[in-house]
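Undergrad: Chain order of the listed sequences is X and W.
Just so you know, we're using numbering that gives the first Met the number 0 here: the first sequence kicks off at 0 and counts up by one.
Just so you know, we're using numbering that gives the first Met the number 0 here: the second sequence kicks off at 0 and counts up by one.
Source of the hints: derived by calculation from the structure; they are not laboratory data.
Glycine included, C-beta positions come from ideal geometry on N, C-alpha and C.
Careful: at least some of the hints might be erroneous.
Said to hold, decoys possible - Now the in silico label distances, taken between C-beta atoms and shown as ranges:
{"no.": "1", "chain 1": "W", "residue 1": "Ser-67", "chain 2": "X", "residue 2": "Thr-3", "range": "42 to 52 Å"}
{"no.": "2", "chain 1": "X", "residue 1": "His-51", "chain 2": "W", "residue 2": "Phe-33", "range": "39 to 49 Å"}
{"no.": "3", "chain 1": "W", "residue 1": "Gly-301", "chain 2": "X", "residue 2": "Thr-3", "range": "22 to 32 Å"}
{"no.": "4", "chain 1": "W", "residue 1": "Ala-456", "chain 2": "X", "residue 2": "Met-64", "range": "22 to 32 Å"}
{"no.": "5", "chain 1": "X", "residue 1": "Lys-97", "chain 2": "W", "residue 2": "Ser-390", "range": "50 to 60 Å"}
{"no.": "6", "chain 1": "W", "residue 1": "Ala-36", "chain 2": "X", "residue 2": "Asn-25", "range": "32 to 42 Å"}
{"no.": "7", "chain 1": "X", "residue 1": "Met-31", "chain 2": "W", "residue 2": "Pro-257", "range": "19 to 29 Å"}
{"no.": "8", "chain 1": "W", "residue 1": "Thr-45", "chain 2": "X", "residue 2": "His-51", "range": "23 to 33 Å"}
{"no.": "9", "chain 1": "X", "residue 1": "Lys-97", "chain 2": "W", "residue 2": "Ala-457", "range": "44 to 54 Å"}
{"no.": "10", "chain 1": "X", "residue 1": "Arg-23", "chain 2": "W", "residue 2": "Phe-460", "range": "35 to 45 Å"}
{"no.": "11", "chain 1": "X", "residue 1": "Ala-10", "chain 2": "W", "residue 2": "Thr-226", "range": "52 to 62 Å"}
Claimed, not checked - Where chain W lies over chain X, by a calculated footprint (3+ residues, C-beta under 8 Å):
{"no.": "12", "stretch": "13-20"}
{"no.": "13", "stretch": "34-42"}
{"no.": "14", "stretch": "56-64"}
{"no.": "15", "stretch": "71-79"}
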Amino acid sequence: MSVTNYVVLAALLFSIGASAVLLRRNAIIVFMGVELMLNATNLALVTFARIHGNLVGQVLAFFVMVVAAAEVVVGLAIIVSIYRTRRSASVDDANLLKDVREPA
Amino acid sequence: MIAEFIAPTVSWGPLAPVVVVLLAAVVGVLLEAFVPARFRRVAQVTLSLAAVVGALVALALAWSTVKSTGGYDVLSGSFVLDGPALVAQAIILVIALLSVLVMADRTASDEDAFAPMVSAAPGSDYEKIATTRGMAQTEVYPLVLFATGGMMIFGSTGDLLTLFVALEVLSLPLYLLSGMARRRRLQSQEASLKYFLLGAFASAFFIFGIALVYGATGTLRYSEIATAVATPTGTEGLLLLGAVLILVGLFFKVGAVPFHMWTPDVYQGAPTPITGFMAAGTKVAAFAAMLRVLYVMLAGLGWDLTVVLWTVAIATMLVGTVAGLVQTDIKRLLAYSSIAHAGFVLTGVAALDKQGPSSVLFYLLAYGLATVGAFAIISIVRERSASGGVSGEATALSQWAGLGRTHPVVAVTFLLFLLSFAGIPLTAGFVGKFAVFSAAVHGGAWPLALIGVLASAAAAFFYVKVIVLMFFPASEPTQASTDAEPAAAAGTGTATLLQTAPARVVTTTVVRPNGLATVSIAVCAVLTVVLGIFPGGVLDAISQVAAYLP
Numbered sequence: 000m001s002v003t004n005y006v007v008l009a010a011l012l013f014s015i016g017a018s019a020v021l022l023r024r025n026a027i028i029v030f031m032g033v034e035l036m037l038n039a040t041n042l043a044l045v046t047f048a049r050i051h052g053n054l055v056g057q058v059l060a061f062f063v064m065v066v067a068a069a070e071v072v073v074g075l076a077i078i079v080s081i082y083r084t085r086r087s088a089s090v091d092d093a094n095l096l097k098d099v100r101e102p103a
Numbered sequence: 000m001i002a003e004f005i006a007p008t009v010s011w012g013p014l015a016p017v018v019v020v021l022l023a024a025v026v027g028v029l030l031e032a033f034v035p036a037r038f039r040r041v042a043q044v045t046l047s048l049a050a051v052v053g054a055l056v057a058l059a060l061a062w063s064t065v066k067s068t069g070g071y072d073v074l075s076g077s078f079v080l081d082g083p084a085l086v087a088q089a090i091i092l093v094i095a096l097l098s099v100l101v102m103a104d105r106t107a108s109d110e111d112a113f114a115p116m117v118s119a120a121p122g123s124d125y126e127k128i129a130t131t132r133g134m135a136q137t138e139v140y141p142l143v144l145f146a147t148g149g150m151m152i153f154g155s156t157g158d159l160l161t162l163f164v165a166l167e168v169l170s171l172p173l174y175l176l177s178g179m180a181r182r183r184r185l186q187s188q189e190a191s192l193k194y195f196l197l198g199a200f201a202s203a204f205f206i207f208g209i210a211l212v213y214g215a216t217g218t219l220r221y222s223e224i225a226t227a228v229a230t231p232t233g234t235e236g237l238l239l240l241g242a243v244l245i246l247v248g249l250f251f252k253v254g255a256v257p258f259h260m261w262t263p264d265v266y267q268g269a270p271t272p273i274t275g276f277m278a279a280g281t282k283v284a285a286f287a288a289m290l291r292v293l294y295v296m297l298a299g300l301g302w303d304l305t306v307v308l309w310t311v312a313i314a315t316m317l318v319g320t321v322a323g324l325v326q327t328d329i330k331r332l333l334a335y336s337s338i339a340h341a342g343f344v345l346t347g348v349a350a351l352d353k354q355g356p357s358s359v360l361f362y363l364l365a366y367g368l369a370t371v372g373a374f375a376i377i378s379i380v381r382e383r384s385a386s387g388g389v390s391g392e393a394t395a396l397s398q399w400a401g402l403g404r405t406h407p408v409v410a411v412t413f414l415l416f417l418l419s420f421a422g423i424p425l426t427a428g429f430v431g432k433f434a435v436f437s438a439a440v441h442g443g444a445w446p447l448a449l450i451g452v453l454a455s456a457a458a459a460f461f462y463v464k465v466i467v468l469m470f471f472p473a474s475e476p477t478q479a480s481t482d483a484e485p486a487a488a489a490g491t492g493t494a495t496l497l498q499t500a501p502a503r504v505v506t507t508t509v510v511r512p513n514g515l516a517t518v519s520i521a522v523c524a525v526l527t528v529v530l531g532i533f534p535g536g537v538l539d540a541i542s543q544v545a546a547y548l549p
């Protein structure tokens, strides 16, 4: 099996993650979409590292994992604090900030 | 077969500014644990200011070497301290210094802009107890230092790995900081959520772009990518797509159209001193990184990326200007103004001319000073209820009517920043605009410069609108406007709170800063004028070191 298949798979996973971010309403699921995108990137990085025969891509994949973990810490803190205030984690409910015209 | 471990040689000198800031941030976290609550705030503020000043001194020490040798190449090229990197770091540190002063100011009301206990749900008993006990969330200062450190690294990286890590180090603290406002906490939390989700989304595209560039070239080092770009191998499609995705991540950070959606919401919801800090600092860092990516790494792709850069620059200028015209909230208005400014800076970037970096950096300095100053003033213009209690910021544009008569000094200073935003001569903003537009013309991008001049003329209209409102209000300044939008103003989205909010009479007042913010505003104002009248020295100094280390 050709290694390029893995790149295609990574692109597919990335697209699924991006779709989840754009289509789902629950902030947690949206966030999971982002995580899927990051992991798709890891797959692509490891595949490219194999193609090029160097370890740079694998090293970067480790950094992506660490960053993803840090992002989870910050992200869940924000989502939980919003949930405790509103009793809802839906991104549609967070709608206080928007362009408003001058009240007539 | 385990190779013998060879310890890398690190030259700490050029790293010192970044190390000082990040080390101080770590020490700040420890202070939270070991210093008694009463002294914590003083300790944190002192530490932050000392760290930023120390880093500036370290940069000043590196200046002469950078000027004569062209710069340092640290950790075999992962970190670069050349002229543009040094200037960007200096600008970021100046912005951080002025912003920390504004954040530390508790004003005459003895309250800073941050919630006493961010983890307590708004309206809960826990929050009330925290407020009455006068607790303070002093973690703000280490977070700001971490963000500052990330910003400094972001514009000084020599490879994509460091660029990615720096992006996250600067972003993650800012996500948290935008959710820490003392008042209108629902808006603040919402700003934080939006900034975080969209920021994480953008950084996912950014890292995928890095993966594709790595796939096309087999390396993450800028210099090696630049060599690979110059030699065709049949993977140009992958490379171009990767380059565009990396640019998407950077466009998001600077708030360029169509990646600007978060900007007005986050600028409005975040605590005002933080808004000033991130509006100025993030832009400097992201443009410094963008310049390096375009001028060093992708220099060979310039022609292919011109379409992208031109489209984004034009769209950013137009959307920022047009949307800014209809805003009724002063923080939102400045957010759209910052989008328009991102467009103006992009004309200097898209010129791909050797004047580009120095003109962009000067523009960012001028913009940063005016931004920190303007948001500092917004943070002291407050609402006052009929009973005399000073509450949150008066951000509705209508509440600013007649400020020129009631508080002339504040209004005139704000006028100065607005004139600098608008690019009126004798302010730093004018010199910056002139520099980027002439770089665009010099680089053959004269249509961009033309659109830029027209857009800045149109943008001047909404600054003038605010000025007219402040000094020549249509009605007499009996601004006893009944609170028409209690839900939005108080940030209380829940139905119960909305019913209990009475129709109250609110006037606009200016709280007296306790000195720190006054210093910050005064420095911003003086520098804005000085750089507008005598820009020569700074412009020369920046252009003397404007060459990138290859």
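Undergrad: Using the Cβ atoms, figure out if Arg-23 (chain X) sits within 35 to 45 Å of Phe-460 (chain W).
TA: holds (40 Å)
Undergrad: Does the Cβ-Cβ separation between Thr-45 (chain W) and His-51 (chain X) fall within 23 to 33 Å?
TA: violated (49 Å)
Undergrad: Determine whether the Cβ-Cβ distance between Ala-456 (chain W) and Met-64 (chain X) falls within the hinted range of 22 to 32 Å.
TA: violated (49 Å)
Undergrad: State, for the Cβ atoms of Lys-97 (chain X) and Ser-390 (chain W), whether the hinted interval 50 to 60 Å holds or is violated.
TA: violated (23 Å)
Undergrad: How does the coverage statement for the stretch 71-79 of chain X fare against chain W, requiring three or more residues with Cβ below 8 Å from a Cβ of that chain?
TA: It holds: at least three residues are needed, and the stretch 71-79 of chain X offers 5 whose Cβ sits within less than 8 Å of chain W.
Undergrad: Verify the coverage statement for the stretch 13-20 of chain X against chain W, using a C-beta to C-beta distance below 8 Å and requiring 3 or more qualifying residues.
TA: holds (count 4)
Undergrad: Apply the coverage criterion to the stretch 34-42 of chain X and chain W: a residue qualifies when its Cβ sits closer than 8 Å to a Cβ of the chain, and three qualifying residues are needed.
TA: holds (count 4)
Undergrad: Quick one: are Met-31 (chain X) and Pro-257 (chain W) within 19 to 29 Å, going by C-beta?
TA: holds (25 Å)
Undergrad: Given a hint of 39 to 49 Å, does the C-beta separation of His-51 (chain X) and Phe-33 (chain W) actually sit inside it?
TA: holds (48 Å)
Undergrad: Honestly, do Gly-301 (chain W) and Thr-3 (chain X) meet the 22 to 32 Å range at C-beta?
TA: Since Gly-301 (chain W) and Thr-3 (chain X) have Cβ atoms about 29 Å apart, the given range 22 to 32 Å holds.
Undergrad: Okay, Lys-97 (chain X) versus Ala-457 (chain W) on CB: inside 44 to 54 Å?
TA: Between Lys-97 (chain X) and Ala-457 (chain W), where Cβ atoms are some 23 Å apart, the hint is violated.
Undergrad: Confirm or reject the claim that Ala-10 (chain X) and Thr-226 (chain W) have a C-beta distance inside 52 to 62 Å.
TA: 27 Å Cβ-Cβ, so the 52 to 62 Å window is violated.
In the structure shown, a violation is registered for the earlier hints numbered 4, 5, 8, 9 and 11, in ascending order.
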